[in-house]
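A.B. asks: Given the coordinates of chain A, work out where chain B should sit on it, guided by the hints.
2 protein chains.
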Amino acid sequence: MDILFTFKIEEHQKEALVEKFPTCTFHFQRTADCEEANFAEVIVTYGGNIDEALLARAKQLKWIMVASAGVEKMALEEIEKRNILVTNVRGIHKTPMAESVLAHMLAVKRSIPEIYAIQETKDWTYRFSSSELRDSTALILGPGAIGTEIGRLLQAFGVKTIGCNRSGKQTEFMDESIQFEALLKKLPEADFVISVLPSTPETKGLLTEAHFNAMKESAVFLNFGRGDLVDEEMLIRILQEEKIAHAVLDVFQTEPLPEESPFWTLSNCTVSPHVSSKSGKYVERSLVIFEENLEAFIKEDKKMNNIVDVSRGY
Amino acid sequence: MDILFTFKIEEHQKEALVEKFPTCTFHFQRTADCEEANFAEVIVTYGGNIDEALLARAKQLKWIMVASAGVEKMALEEIEKRNILVTNVRGIHKTPMAESVLAHMLAVKRSIPEIYAIQETKDWTYRFSSSELRDSTALILGPGAIGTEIGRLLQAFGVKTIGCNRSGKQTEFMDESIQFEALLKKLPEADFVISVLPSTPETKGLLTEAHFNAMKESAVFLNFGRGDLVDEEMLIRILQEEKIAHAVLDVFQTEPLPEESPFWTLSNCTVSPHVSSKSGKYVERSLVIFEENLEAFIKEDKKMNNIVDVSRGY
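Quick mapping for you: the protein sequence lines, in order, are chains A and B. Residues in the first sequence are numbered consecutively from 61, following the working numbering. Residues in the second sequence are numbered consecutively from 61, following the working numbering.
Derived from the structure by calculation, the hints contain no laboratory data. Each residue gets a CB set at the ideal place from its N, CA and C atoms; glycine is no exception. The hints are all genuine.
Here are the in silico distance ranges between beta carbons for each label pair:
| hint | chain 1 | residue 1 | chain 2 | residue 2 | range |
| --- | --- | --- | --- | --- | --- |
| 1 | B | Asp93 | A | Gln230 | 57 to 67 angstroms |
| 2 | B | Lys341 | A | Arg372 | 40 to 50 angstroms |
| 3 | A | Gln215 | B | Lys133 | 34 to 44 angstroms |
| 4 | B | Lys133 | A | Pro173 | 28 to 38 angstroms |
Sample of chain A residues with no beta-carbon within 10 angstroms of chain B, all distances over it, derived:
| hint | residue |
| --- | --- |
| 5 | Cys84 |
| 6 | Thr91 |
| 7 | Gly108 |
| 8 | Asp111 |
| 9 | Ala116 |
| 10 | Ser128 |
| 11 | Leu136 |
| 12 | Glu137 |
| 13 | Arg150 |
| 14 | Asn225 |
| 15 | Lys229 |
| 16 | Gly265 |
| 17 | Gln313 |
| 18 | Asn328 |
| 19 | Val343 |
Same shape as in the complex, but just chain A (with noise of 0.2 angstroms):
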């Protein structure tokens, strides 16, 4: 079996892969561009060149390994008309994101800012108020596997958790769950607001202004999941006449953020590059999770992880 890898790899981890699959042929070619992908059976990628030019010439393809939480970038109804599976790396970002999610909200509780700006003046008097974490309430968007490994993290540090969701499922490490349906009535409760929403044409816009005027005025919002969650003159507004308090903002709808952006001067906003899922271990996690799907892909057992749903795209 032909296994194409289209990113960059360690050395170390080339050689445990190739020892552990004895009966795969790997060819850590770092692009699609390459001949190997016309007999491919298995193509790991992060998802950008899967289009349908590649697809038109990757006659034996049977399997993307997407090593990336969106697919929305690969060319799906060729993928779904040919029923190529996919799957992806969805959770990957769950330690990395909730981490930074809970450095924001400690930061503006435990003022890290202010910490931070008296030592450029050496001004040990400046006076400013802490806060804390416990007993605050959490409304978490999205509680999915970094949605709900937010809620956990929270919870440990004595916060009440909401997870809001299309369905209003239960789901692990939220005091309550609640429909979107919902949200508006549920806002007033909130002390912080938390996004890791994808995109979808459900999620888009979902929050508007009617939802930021029911939040409280000491209300922290963060968006860390998709930018088109909300409509940004919108927020921008929102924060201008200090409707809520503060904003940390990991995404937006034009990335790099343009320079001329209120965003970036606004006193009650941080912005944050989309550097929340970093962390030195995603391509170390992404292997894990592919060599467990590349056993049971090659066993023939329909056991595999993080099957997209193609249609769906998620």
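C.D. replies: Relative to chain A, chain B alone:
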């Protein structure tokens, strides 16, 4: 029974006390420099005003409730001689302090300083590498109320915790417990070295140059106990020579930290102006502890909490 409060509490808190303890007469004078001290059986204080002059006047004094962790400012010899009961608010700092320690640890790992810095330059493309708390090892000096709360939170993040105290006694939320004597040998394993030790003859200068030389080059040192744990000139040299990666210091030998201290300008040092225990909940929590103890004191049963061993000073 006459009870003198020498610090400010809210009106609704006064009313609650008066209603709850009808047999007591409360004097909310906000100072010990008053006639009521002469006949009060109980004084509730932050500790700084309990000197020999006051004790000479306070002939009826049986119990001093100190709404502070340390009692070092009080006239302890005279208190011991007169067998006056002293209770403190031990443990009251554990939530805000543990949250502050976690905030700083997550900030270092999840690139919060870099994120804040790029907002000033609007440079989305600035590259920095983040890492994770998960799977790191933390050595906690002083696994008391605060230290074990830090341990509890770190375990939730998947961090290995090693508690270190005088006895080496196993404490809660520590994967391992060691004695001070075993510290030097254990330090090479630690990614974080966190002190929440009080100032006692045994902890003064406890961490020597040899200890810092034994740490990983990537280690982060956090001092949230007392400044005299380390010789500051030595620590400055360690940081200048980058023997460890970073220090976060909330306590110093001289506070406020003098303007000329190199700590202010070292790029691998975060100066926190002794604020880690701050949050809006101090008085509220002190009163909970006080009320429980007052009930026991009135009933003359011996089940009072947070009794200070005046001879040991804690």
